[in-house]
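> Here's the letter readout for the chains.
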Amino acid sequence: MGKKQRQKMNVTARYVLILVFCIPMLFPLLWMLTTALKDNAAVFKVPPQFIPSKFHWENFTDGLAKIKFGREFLNSLFISVIVSIGQICSCMSVGYALARLKFKGKKLWFYLIVGSMMIPGMVTVMPVFRLWASLGAYGTWWPMIIPSFLGAPFQTFLARQFMTTIPKSYDDAARIDGANRLQILTRIIAPMSKPLITVIAIQSFQGAWNDYLTPLLYIISKPEKWTLALGVGRMTSSTYGTQWNLFMAADIMYMLPILIIFFICQNYFMEGLGSMNNSGVK
Amino acid sequence: MKRKGKPFWRKEGFQAYMFMIPTLIGFPVLCAYPMLYSLYAAFCDWDGINSPVWKGLKNFKYLLTVDPVFWKSVRVTFLYALINVPITLILGLALAVLLNKKIPGIRLFRVIYYLPTIVPGIAAIILWQFIFKSDVGLLNGLLGQLGLAPVGWLTSEKVVLFSLSIIKWWGVGGMMIIFLSGLQSVPADVFEAASLDGATGWAQFKYVTLPMITPVIFLQLITGLIGCMQSFAEAQIMTGGGPNFSSQFINFDIYVNAFTNQKYGRACAESWILFLIILAFTALIFKKSESFVYYEND
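Going down the list, the protein sequences come from chains A and B.
Quick note: the first sequence uses my numbering, first residue 93, plus one each step.
Quick note: the second sequence uses my numbering, first residue 344, plus one each step.
The hints are simulated quantities; they were obtained by calculation from the structure and are not laboratory data.
Glycine included, every Cβ here is placed at the ideal spot set by N, Cα and C.
Accuracy of the hints is not assured; some may be wrong.
DEER-style ranges, computed between Cβ atoms [stated by the list, open to error]:
1) A:96 with B:549: 23 to 29 Å
2) A:105 with B:542: 17 to 23 Å
3) B:407 with A:213: 21 to 27 Å
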């Protein structure tokens, strides 16, 4: 077998393998979609029916009616946007100090931030829970929103790593022009950090949108404040019975915003994750 | 040159601390204080309403000697991590190698493999809960087609951890992408040199690629381990820790102790045990890593 022929074989084999592995990746999602379009009787059909005989688009409106979708969607959207803003501001600020300024205790703070990534959330959950309760914040969104303004370890780390790679000469030039440090951050460093900001925005939005434990702890008793994650998560354990077609429809609507953001910012998503590599453990 | 007349608010150190304000508030309030408080509460009886009452090692003693669920939850969590950390590492790396070639359509395939990771945790859990259902579930439907008996994916003590692992494997695209960018950061001339020396295929992978991406493997090992150790929502939504506590992860057991049983002190003790376990493992891996992680800059 010649070299060229062998290469061709390799590519074909690769394609076959890639396509085979696509099936388990996509099939659950397709199953979700077809279930969302079936009537309830078809869900229980044996053998499983892969393409519904009739598309029940009304499942989407019915499913959304099962949970207070509109309200919960807006709640989630509001919280996620605020959290993103908070994390961008706080992580850029702290990251800037750690990456570009000299101060006593810089190393110590850096290690504290990196170290705090390893702490299981559950260790701090109880005291923080009592702290918020004693401040009267139980049943409000504050426990979800305020922490984002106080920095998130991973994103701060990412910001610090990113800003370290920007040449110091930019700062010096700006200083000679009379800019103060806040101006340097907002006018020089921030515009150069667009990929970083996008990554922080996406990750924090996604984090807040997906978060289940925090709303479960703080607002479970206030149904009008529920987020979509909570609404969808509690859906199957609610008293509506087993209308899986409606659940799947609601589930799709819950993940849709994240999917849309993903497809718009696809490159940043992939790059952002990739940048963990360069910063990683080095 | 030292400018003595400079007011303190113009000094770099002071300004740096102004930029650090989020952390200066956040770290003590949301990290240090809760850590110390939880350490203190671990030695107390605490119902979460009244002040904690010091009881010494009572909580630890109870957990380690009396509690029927604690050891089971430790075993379950370890087993889960033991199954999944290696499998996801190997699977993620294999898929990354598979997709690390410029062939037409490769970008689309990368997106497809990464797609499950985008699905929000709760959405994925609800979806799989449906697939695992014994009556209407897809998996049992397919088994029935083949003439096989249905499996209690979430109701059988022996199968439930495997079922939850399937969800983990489904989301392996996250690891794959990071491995992929790791593979792509290996400089091409290294491969050229290797192929001049006659290394091809498996040999090239084993002696060139693998050593070059050990930092990435190491990073994924640590984060994968921590991730497995902190599994929570799967158990909370899909199984409630059952059947017979066979999916009662430590993290979920802590939650149950705290918020269902109102035993905050015991939950704090348990969360510290979890923390120390994670710490010990990370330290061990860090120490061992010196022998297998290769850094270019060294």
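> Give me the numbers of the hints this structure contradicts, sorted from smallest to largest.
Violated: none.
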